[in-house]
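S.K.: Based on the provided sequences and hints, a complete structural model is requested.
Here is how the chains run, residue by residue.
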Amino acid sequence: MAQSQLAEQENGMRIQSIEALDALRQDILAHQDPKRPILIVCHGTGCLANGSPKVSDALRKAIAKAGFQAKVMPGIKTTGCHGFCSRGPLVIIKPAGLFYQQVKAGDAEEIVNTTLIKGDPVERLLYRDPNTKEPIPLEKEIPFYKHQQRVILRNIGKVDPTDIHDTIAAGGYQALAKTLTTFSPEEVISVVEKSGLRGRGGAGFPTGRKWRSAVAAKQKRGGPVYLVCNGDEGDPGAFMDRTIMEGDPHAVLEGMIIGAYALGCNQGFIYVRAEYPIAIKHLIIAMDQARAMGLLGQNILGTGFNFDIQINRGAGAFVCGESTALFTSIEGRAGEPRPKYVRSVEEGLWGKPTVLNNVETWANVPIIIEKGADWYNQIGVPNSTGTKVFSLVGKVNNVGLVEVPMGIPLGKIVEKIGGGVPGGEPFKAVQTGGPSGGCIPYALKEVAVDFDSLTKAGSMMGSGGMIVMDRRDCVVDVARYFLKFLEEESCGKCLPCRLGITRMREMLDTFSQGRGNKQDLDDLMGLAEAIQDGSLCALGGSAPNPVLTTVKYFKDEYLVHIEQQRCPAGVCKDLITYHIDSEKCTGCMVCARNCPQKCISGERKNPHQIEAETCIRCGICMDSCKFEAVQVS
Amino acid sequence: MIKEHVDIDDIIERHPGKPESLIFLLQDIQAAYNYISPEAMTLVCDHIGVPLTQAYAVATFYQSFSLEPKGEHEIRVCLGTACHLKGAPRIVSELERRLGIKPGETTKDLKYSLDTVNCLGACALAPVSVVDNEYQPNTTTPKLVRLLDKMVSE
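Going down the list, the sequences are from chains A and B.
So in our numbering the end of the first sequence lands on 633, straight run, no missing numbers.
So in our numbering the end of the second sequence lands on 1154, straight run, no missing numbers.
Simulated from the structure, these hints should not be mistaken for lab results.
All values reported here derive from a predicted model rather than from experimental measurement.
One thing to keep in mind: the hints can contain errors.
Unchecked claim - Stretch-level coverage of chain A by chain B, calculated; a stretch enters the list once three of its residues show a Cβ under 8 angstroms from a Cβ in chain B: (1) 266–277; (2) 411–425; (3) 542–553.
Claimed, not checked - Below, a list of computed lysine to any residue pairs in the SDA-like style, where the Cα atoms sit at most 25 angstroms apart: (4) A/626 with B/1021; (5) A/584 with B/1087; (6) A/118 with A/64; (7) A/281 with B/1096; (8) A/484 with B/1096.
Think of the CB as a built atom: it goes at the ideal place given N, C-alpha and C, for glycine as much as any other residue.
M.R.: Right, here's the structure in full:
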């Protein structure tokens, strides 16, 4: 970025005016050669874990070795998550948009020689249509991407999140400039209200209305108003917010600065989960760069407006995703929620009016300001406008992050974008909304994915985790899993949640051990209702949802556990036995070697047997068999 | 994991002497020493003016703080929903059996610590575990056991 650094030197590092921001952007763009090949290597958490740093290093070396002339020297850019995590590490070659999947360091020289020098694709690295086996060379043609509408994720996978110039070139901070020059704070709130934006953290409260209440509370009570970004993405199976913080941190900052202007706020907080070290690192880099350029801190863009942000790392407590628990955690105490007789917009952090919005909600704000409320509320459906990012995981072919307009049928996400369940059978259920949500069965696959329709189906939007289950997943086990999760995460302050969830889990234990009776099922429903009504916060209030929806849609499966002591999915350990299919077994002896009980016998190249009496049903034999010969009955 | 020595006073001085610094301080101490010793706790409380009881309430409330020294090798198994469906509980029970400890505990010889984590958000790699900060995509019990054996022989 030597060219734009020149422009900065003339003005000092800080951008002193809206015009200077625009000039800087034009300057960066003017110095970019649109024809220059750029190798984009995904450095999202998924690809990083799969070895993408080795890939980018190898590509860098291969390019240096190839001896390009300086004029046509290909560039390498590392970006946030591209979303198609099950195919990582991913390399995209711009400007054409060639998509290479499962790239290894050893492929680097071939990519440089074949694609960059000769201009041909490396066939074996291309994505292939799972049915026709035909290669699909371009990223935008791949079904996983083709059926998405990427608004919030538009820059993720395109910009280098550690270089603010890249974000500015892509249009970052334009909405902030527009806000500071053309809107009064009141007008910003009106635009957000008119856009129909609802909170992306789970409850779906209208964002504009929340902001307006905070302004009213501030006028009534005087003193400061605080602004909080909730990045404590605790729902298991959800990683949308992490991806946004890692891949486009400036979108979150810009949204917060615009919000701060609207609310007359000078201090904001971002509360990030401790398990997300890269998100924290990228946010800190982004904040440092934004401060150095005069986009954050004192006298933003020379307008006299001051706003700064502090990062608080979580310390491993799911309940801190609840707004009042999060506030107590920022205050330095154990994160226990408090009753909400008085709302947070009136008395939040340190008892002052506080606006808390989720990461994705803040990232929606800049595009709403930039393109207008009318443009935004055309996307989606009337009561749920805009797009929503989901993490599509579990028993689905294309695991990853997807962004779709609200109101899209659930089945379309799983089947069109996700490519369906491995093996081609229909999915059994989709779990949405994390531990507060529920399981939606295949029969409801046409249900519209929006706030109200999902709630009507007994589940909820939640923060956006979508876990696909197939016939080998047991609903009793899944409901028990979530109860166990919440039992451990309950802060213990109120009784219905502390004892009620434990009691529910114990009842499900009896089902999964074949010791339940039908009366238990009725008692379970009664207890669920009491916990919903009596809990202090949403953790307890929504805790029974996974049980309620699975009983509602899969009652037969519960009854089979209770009446026949059988687990049809073959999951509940006490109700199954393992055996070896003698036709499939090749006698490779891998299971026998791995068996901790040494209860598998048989000669090499002859079918093996499991001795049922000694077997502890650990499942290692099934996990290690390559021929699917170990089966459950 | 063996950590480099960091002077505790340097950590304490990094944060202002206010009650809201408590979590920041405990996090930095945990990161530097892998656990929070009673001596460190007293120093923190003196610095920020918070009673010991409150500091212990916070340290025991949050999962990421440990009051016991952690083992040389840290094994964390993800128990997120996707990992659960793909067999993570089986991995945890086998590790429990082999190491003779429950999640959250450390072996007597201070060699291994076993922990579970609610979700690492790397669901495409399920079941996933982290051994000494290195991700192990598509973990299977035999794979993890081989890795443990390798550590022993090193």
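S.K.: Does each hint fit the structure? Answer for all of them.
M.R.: Structure-based check of each hint:
1. 266–277: holds (count 3)
2. 411–425: violated (count 0)
3. 542–553: It is violated, with 0 qualifying residues against the three required.
4. A/626 with B/1021: violated (52 angstroms)
5. A/584 with B/1087: Roughly 22 angstroms between the alpha carbons, so the hint for residue 584 of chain A and residue 1087 of chain B holds.
6. A/118 with A/64: holds (16 angstroms)
7. A/281 with B/1096: Answer violated: residue 281 of chain A to residue 1096 of chain B is near 33 angstroms, above 25 angstroms.
8. A/484 with B/1096: holds (18 angstroms)
Of the numbered hints given earlier, the model fails hints 2, 3, 4 and 7; all others are met.
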